[in-house]
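Colleague: Residues per chain, in single letters:
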Amino acid sequence: MSRRAALLLAAPPIVFLAVFFAWPVASILAAGLFPNGQLDVRGLVATWTQPWALRTVAFTLALAIGSTLLTLAAGMPAAWVFARFEFRGRRLLRALSIVPFVLPTVVVGAAFLALLGPRSPVNAALAGLLGPSAPVLRLDGTIWAVLLANVFYNVAVVLRLVGGLWSHLDPRTEEAARMLGASPWRAFREVTWPLLRPAVMSAASIVFLFTVTSFGIVLVLGGPGQSTLEVEIYRQTAVLLDLPAAAALSVLQIGGIFTLLLLYARSQERLAVEGALRPAAEMARPPRTRRERLAVGGTLLGLGLLIGLPLLVLVERSFAGIGGYSLDAYRSLFSVSARSALFVPPARAIADSLVFATATLLIAGCLGLLAALVIGYRRGWLPRTFDAVVMLPLGTSAVTIGFGFIIALDQPPLDLRTSVLLIPIAHALIALPFVVRAVAPVIRAIDPRLREAAAVLGASPSRVWRAIDGPIVARAALVGAGFAFAVSLGEFGATLFIARPDTPTVPVAIYRLLNLPGGTNFSQAMAMSTILMVMTAASVLLIERFRGSGPQPF
Amino acid sequence: MGVLELSGVGVRYGAREALSGIDLVVPEGQVLSLLGPSGGGKTSLLRVIAGLEPASAGTLRFDGRELTDVPPHERGFGLMFQDYALFPHLDVAGNVGFGLRMAAWPAHRVRARVAEMLELVGLPGAEARSVGRLSGGEQQRVALARALAPSPRLLMLDEPMGSLDRALRERLPLELRGIFERLGITVVYVTHDQEEAFSVADRTVILRGGRVEADGTPEMLWGQPPTEFVARFLGFRNVAPGVWQEAGIDTPWGRLSMADPRGTAEPAGDDAAASVTTEGRIELTVVLRPEALSVAAGGPISGMVTARRFRGDHVLITVAVADAPDLELELRGAPLPAVGDAVSLAVDPRGVILIPG
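Protein chains in written order, with my numbering: chain A, 429 to 982; chain B, 1033 to 1389.
It cannot be assumed that every hint is accurate.
[What the hints assert, rightly or not] Which bits of chain B does chain A cover? Going by a derived footprint, with three or more residues having C-beta under 8 Å, they are:
# : segment
1 : 1116-1128
2 : 1131-1144
[As the list claims (entries may be wrong)] Now the in silico label distances, taken between C-beta atoms and shown as ranges:
# : chain 1 : residue 1 : chain 2 : residue 2 : range
3 : B       : G1164     : A       : N943      : 36 to 44 Å
4 : B       : G1168     : A       : A446      : 48 to 56 Å
5 : A       : A887      : B       : S1334     : 52 to 60 Å
[To be verified] Non-contacting residues of chain A with respect to chain B, defined by C-beta distances greater than 12 Å in every case (computed):
# : residue
6 : L498
7 : P546
8 : Y753
9 : R877
Calculated directly from the structure, the hints in this document are not laboratory data.
We put the beta carbon where it would ideally sit given N, CA and C, even for glycine.
Okay, chain A solo, but in the shape it has when bound (with noise of 0.2 Å):
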């Protein structure tokens, strides 16, 4: 690919990432650092130093802090489990685990308010049991509902992640620690922990990021006064409308996440050990004492009821009526009821999400599929930048990129407002990465052989690359733009900010009947969470399919 083909590529996706990205972004900053004009902190730092802007931030950290911890203390055991396991199910069983993480966090906060809020089947069990009197379980609103749903929604990383090292490390340097003395405990602390330590600590890193910028999930369990910076700056910009305290609070989010984001790339230029590493296979072996299966059953169970329990009370929640199960739920989706939360049939937002969706996957596919070419075919620290600023997205919370489109995107020349192409365009910005990183890494571990062969064989150049190149990038631009879909089906937190009131998609419809009272509301959340559920699992199945055995983009 020559230099003038590859700017020529890389000019959309280039474009595009100036416009959406860049120009809201630098609109936060400017309304932050500079209000009247010129660079004028003061009004930063009085927000800053507010006694509700200090709790928040206190909140945000502890709760992001708490969920690493408790996310690594219940995905470590379930790691060494699968790694070090052979058992009847695993494959399938590993498989489902991640299941969570693909979730929108509606839907999660929506399953975990079936478990633990009022309506819970386990309140209607205890009433039934212990008649009127029965104490009733509500954690919905509290700590521990958030703190719980941020553990099934990031479980999946530790798995992947620590996991995923696991499983390659050589059970016999653990065994000859043991032959040379070492306890069990002794030769996991000397041997076992420090090759596994980054993998540790980059999970907990990404677990950190995540639920340090958590939303949708806070914003539907949490009580009052639990608000983390995402949901402080969604409710001074859509409740209090007090955008100069939002712009405020973004600037601390947009500067924190940079220097989280430094922070861990220098940390894992320093933590990587070489070595030591083999193919998963030959490692498991079935668990023989009875020891061993007791602690190999035990932590599957705790890790089947964290992950099954939330989603199937969710299910039956959404079947579950007046006088015993039915399909009310879903029927009533198609009508507008006096008291409902939405201007529309809520069926309405599911074929308005489709339609967003496809958009979405059409511009973030083509203009990720033209940096992965650049990408995955040049050399050199130009594509390598280019590469690192089509991640940025990924790393900026969805908060601040809804917040941005509104506070860049209303005036001349670009005033989308009104327009429902926001809504793909977010998206589209926020599966840019997905995109990238499904078929770059795929280009580039094309075995060069493989063109070698074929020229040889007496292939011209772009017999070459229709021959060996094409249909390998084709299947991952093809799983890339299910991503795309994926995400814009789940997407919450940009959505909230710019959905217009009649073109709710489906994650914003769930929060707005989630947030009104009623029993229909309530259920008609239900039967939605489900629905999108089972789309969001069937694209990310049928990704799967498509993948086949590539690299992993995460």
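Please arrange chain B on chain A, whose structure you already have, making use of the hints.
Modeller: Quick look at chain B alone, frame taken from chain A:
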């Protein structure tokens, strides 16, 4: 002391029996090699002795003490793993001194012992090197030093030459042998390579399908393989069924005149008589050592040369014999028959091995 006793040891993985009915006594200071094809149960046996694998049957004792409930880290055995399993996050000194630190040795004694061990294995001064940068042979030496440093009561080695190149594989067994002798340690040495097993060990046990197939000194096993499997495993290729009767043996290659195998030297084993089917008729497995065959006009076996392979000090000739397995013979010096030549072969009776049954 240092006597390892196994009686009736078995290991199962689900329905598969990896080992069964292993009875074995290894006296103090003996170097025992466990030899056999992969899947024969060698590594399983080693892991059971180490305590890394529970035995599903039988008992293990060391110096008379029952080992079943002793966890691996309290057995005081050394194990050198296949591919060495060095700790990648520690340097050479950290690896070699690991067992000493587990035994809570003070730091200055650990340092002295590490230096001594590195001297012993021929890597003096390598303490600060990273294990990732060692060559295969150096890794093997570090692994050996690591296993030897805590003065184990029993040393086990699992395919220690597995990934080394040919030159090292020929030199290192002798060095190992020297180290074992100097330390007077009891050793169990697992390998699939018979040359390696014979050059290192006082005694060789051959495992097949999880059972002991043969047990003896290298000289005994080489001189008189007890079963057809052992003969083939040791690399003999001129193997065929035969029948002894009337001062000779009928083989697929023709009749070879021989003394009564129950008489003079051949074959060992008291059960030779059990194979007598009718008066004076014994069914046997016949093995012709390649050096027992020579090209001689008028020899009793005739065939055609189908392949000629140059092997340095000799040439390996393959001869096709009608209605019989191909024969291989080693020829030293000219004249060499060409491929396609018809040849007659003579057999030196001293190079014929008879295996009963």
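Colleague: Would you mind marking each hint as holding or not holding in the structure?
Modeller: Hint by hint, here is what the structure shows:
1. 1116-1128: Coverage by chain A holds here, the residue count being 5 at a Cβ distance below 8 Å.
2. 1131-1144: holds (count 3)
3. B:G1164 to A:N943: 36 to 44 Å: violated (57 Å)
4. B:G1168 to A:A446: 48 to 56 Å: Hint holds: Cβ distance 54 Å, inside 48 to 56 Å.
5. A:A887 to B:S1334: 52 to 60 Å: holds (56 Å)
6. L498: holds (28 Å)
7. P546: holds (49 Å)
8. Y753: At about 42 Å from chain B, Y753 of chain A clears the 12 Å cut-off, so the statement holds.
9. R877: Nearest chain B Cβ is 25 Å from R877 of chain A, so the label holds.
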